Amino acid sequence: YSEYEFNSIDALIENWAKGDYLTAGLAIEEKYDGFRMVLHNDDGQTKMYTEDKKRDRSESLVGIESELRKFPDCILDSEVVAYDEAGKALPRHESTRIIAAKGEVTGNIKANVFDCLYYEGKSLVEKPWNERQAILKKVLPKDTKYLHRVIPIIAHSAEQLKNALAREHSSIFMSAEEAILEEFKMHIDLYILRDLVRYNFGSKAPLAYWEFESIAPEVKSLLRDLIMAMVAGDVIRPDANWIAETLGLKLR
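With UniProt numbering applied, the sequence shown covers 1 to 252.
There could be a bad hint or two in this list.
Unchecked claim - Beta-carbon label-pair distances, calculated as ranges: (1) D42 - A11: 27 to 35 Å; (2) E104 - E131: 31 to 39 Å; (3) K47 - E131: 34 to 42 Å; (4) K145 - A17: 32 to 40 Å; (5) E94 - K142: 22 to 30 Å.
Said to hold, decoys possible - In silico SDA-like cross-links for lysine to any residue, where the CA-CA straight-line distance does not exceed 25 Å: (6) K142 - P72; (7) K127 - Y49; (8) K162 - D115; (9) K31 - N130.
If you're looking for bench data, these hints aren't it; they were derived computationally from the structure. None of these values were measured; they are calculated from a predicted model. The beta-carbon is built from N, C-alpha and C at its ideal position, and this holds for glycine as well.
Turn these sequences into a full structure, and let the hints steer you where they fit.
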């Protein structure tokens, strides 16, 4: 899919505005950064499978489950996100930590539903996207407390595409540099930690967490500036060994 990915909104519009894409119509949706989950309801029997390990979370996410069981038989594709009290989405690492916790998960948790894969005995995966969207609207005509239907904007011109992206993705497409830096500002400690330590295979837990925590605050600040500058220059994954050597740090 890399040929359809671009580092700036202008490049995206220039490329997607070519050919017959806009004649048919381009759908623009907000991208949610949470926990991908497929929601199943079969005559009140629910399953809510995670994308990573195919775990059923229906007994933990009781708010979503209680509403899902009232739907017609269906399979919905969604991104489950945790929000703060003001309704602002939490950073992904916080959101996934909350959603993946053991036991009953409470708080402001919502499933942002963007597709319908199965409906009342019929698979929809071979159906056109617009038909699946029409059925999704039938399944979820309006938002509930825990379920939100992602409503796309359809663009038929370059101007409509630009306006839709500006409206739906203003926090993402500020500019190529601003977008990446904003993401790093939200998760900078996590990203630095992952770049500066080695991983145990089969585990996301780093081996050298304490080493990062022991770094002096002024060095952390310098490291943040350095990584963000490299990211803005399109070096998306700075080399951990080079950074460590430059700052006089030692990796395990």
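Going through the hints against the structure:
1. Taking 27 to 35 Å as the suggested C-beta distance range, the pair D42 and A11 does not conform, at roughly 44 Å.
2. Restraint check, E104 to E131: a C-beta distance of roughly 36 Å satisfies the suggested window 31 to 39 Å.
3. Range check, K47 to E131: Cβ separation about 24 Å, and the 34 to 42 Å hint is violated.
4. Between K145 and A17 the Cβ separation comes to about 39 Å, which falls inside the hinted range of 32 to 40 Å.
5. The beta-carbon spacing between E94 and K142, approximately 28 Å, falls within the hinted interval of 22 to 30 Å.
6. Using a Cα cut-off of 25 Å, the hinted pair K142 and P72 holds, with the two alpha carbons roughly 15 Å apart.
7. Distance restraint check for K127 and Y49: the Cα-Cα separation of roughly 22 Å lies within the 25 Å cut-off, and the hinted pair is therefore satisfied.
8. As the CA atoms of K162 and D115 are separated by approximately 24 Å, the hinted pair is consistent with the 25 Å bound.
9. Between the alpha carbons of K31 and N130 the distance comes to roughly 18 Å, so the proposed pair stays at or under 25 Å and holds.
Of the numbered hints listed earlier, those contradicted by the structure are 1 and 3.
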